[in-house]
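Peer 1: Hey, can you work out the whole structure from these sequences and the hints?
2 protein chains.
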Amino acid sequence: MAGFPDPLKRLIDEFERLPGIGSKTAERLAFAVLRGRPEEAKVFADALVDAKKKVMSCATCSNVATSERCDVCSDASRDQGLVLVVEHPRDVVAFERTGRWRGTYHVLLGRLSPHEGAGAEALSLKALEARVAGGKVREIVLGTNPDTEGDATALAIERRLSGKVPVTRLARGLSSGGAIEYAGTEVLAEALRLRRPAIGGG
Amino acid sequence: MAGFPDPLKRLIDEFERLPGIGSKTAERLAFAVLRGRPEEAKVFADALVDAKKKVMSCATCSNVATSERCDVCSDASRDQGLVLVVEHPRDVVAFERTGRWRGTYHVLLGRLSPHEGAGAEALSLKALEARVAGGKVREIVLGTNPDTEGDATALAIERRLSGKVPVTRLARGLSSGGAIEYAGTEVLAEALRLRRPAIGGG
Chain A
1 MAGFPDPLKR
11 LIDEFERLPG
21 IGSKTAERLA
31 FAVLRGRPEE
41 AKVFADALVD
51 AKKKVMSCAT
61 CSNVATSERC
71 DVCSDASRDQ
81 GLVLVVEHPR
91 DVVAFERTGR
101 WRGTYHVLLG
111 RLSPHEGAGA
121 EALSLKALEA
131 RVAGGKVREI
141 VLGTNPDTEG
151 DATALAIERR
161 LSGKVPVTRL
171 ARGLSSGGAI
181 EYAGTEVLAE
191 ALRLRRPAIG
201 GG
Chain B
1 MAGFPDPLKR
11 LIDEFERLPG
21 IGSKTAERLA
31 FAVLRGRPEE
41 AKVFADALVD
51 AKKKVMSCAT
61 CSNVATSERC
71 DVCSDASRDQ
81 GLVLVVEHPR
91 DVVAFERTGR
101 WRGTYHVLLG
111 RLSPHEGAGA
121 EALSLKALEA
131 RVAGGKVREI
141 VLGTNPDTEG
151 DATALAIERR
161 LSGKVPVTRL
171 ARGLSSGGAI
181 EYAGTEVLAE
191 ALRLRRPAIG
201 GG
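Quick mapping for you: the protein sequence lines, in order, are chains A and B. Heads up: the first sequence begins at 1 in my numbering, then just goes up one per residue. Heads up: the second sequence begins at 1 in my numbering, then just goes up one per residue.
In case anyone wonders, no lab produced these hints; they're calculated from the structure. A portion of the hints provided could be inaccurate.
As the list makes no split between identical chains, a pair holds if one copy fits it or if it spans any two.
To be verified - Below, simulated EDC-like cross-link-like pairs (lysine to aspartate or glutamate); rule was C-alpha separation at most 16 Å, straight line: (1) Lys126 / Glu158; (2) Lys54 / Asp6; (3) Lys164 / Glu129.
All values derive from a computational prediction rather than experimental measurement.
Peer 2: Below is the structure:
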């Protein structure tokens, strides 16, 4: 025999096609499936097909959805005039967990990444501009990740929307609950640079 | 919305059930499936069900097989009198790649791991003893991994088979192609301890 039996090889190949899964990890995952019960493999298989079939992109904001509009966009109680722009559906879940955002979202489905060749055309920017052009948006909040690529993405969006709608950015500084002695140099420098009048001061 | 849509949540859960896959990795893998084409999800799903349905354990050696006997055990040209005992089907593939082993295998499907509570009863040791009792085995080669647990496993098997069949172990020492300056202390100590007469010497 030259290797694993064909059905096992095919399963290993499928795992290996996933991002960040190398050949050794793919083998480990495939053997885990073999160790499981047949019903478990079936449930996993159904979940794959089902997710691909039922989960789509919201026609308004590009968030994950199970119908034309996502849960947020189809919720009449959300303020459609406030749009929080994020990179990924995972970020929507993170903001929703706070329970503090009553506006809507716009999911870019990526970020500007010159190194990986991801340019502006890969992001859902046209759809964002169309929403702004619709005239109902009162404020765009840029909620990209606080790192180099996230900042570059935010800047690019700010430039495109400049003069068309008020654009704000998330506050930047020390993380509440963190300790100054463990904060990175960059974070401390930024907290100094962006310092604000104390309550009762200024 | 409290989180991801249900079909997406279910897929994330399925990935997270796999060993070594945390919740963040599971999310990343599920989104990779969503990015792919529907046919790709279907092929992956079929591979899961197919592998679980068609891949079984060889009745003789516990290697992965697509019928009652694995490719090696059902190959009449292989010497059934020589049995190389390994921990995992992956090790069979590694030895087969050398093209130098004309005997058969016995796959333990694990190793003695006191810390993880894996005892001798979890390994296919009874089947190995049955093969030896069959009277056709002339030599058992212990091919467990060269580490603490592999050595403990080899020792346990050696004790069980002692007096019933000749038992050998794989050679241990410097890896061919490696460099002494990068070899670990343990490896160098063992290479000294197990030193052999030079060719023409001794």
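Peer 1: Hint by hint, note whether the structure agrees.
Peer 2: Evaluation of the provided hints:
1. Lys126 / Glu158: Within one copy only: 14 Å inside a chain, 70 Å across chains, cut-off 16 Å.
2. Lys54 / Asp6: between (30 Å within a copy, 9 Å between copies)
3. Lys164 / Glu129: within (9 Å within a copy, 80 Å between copies)
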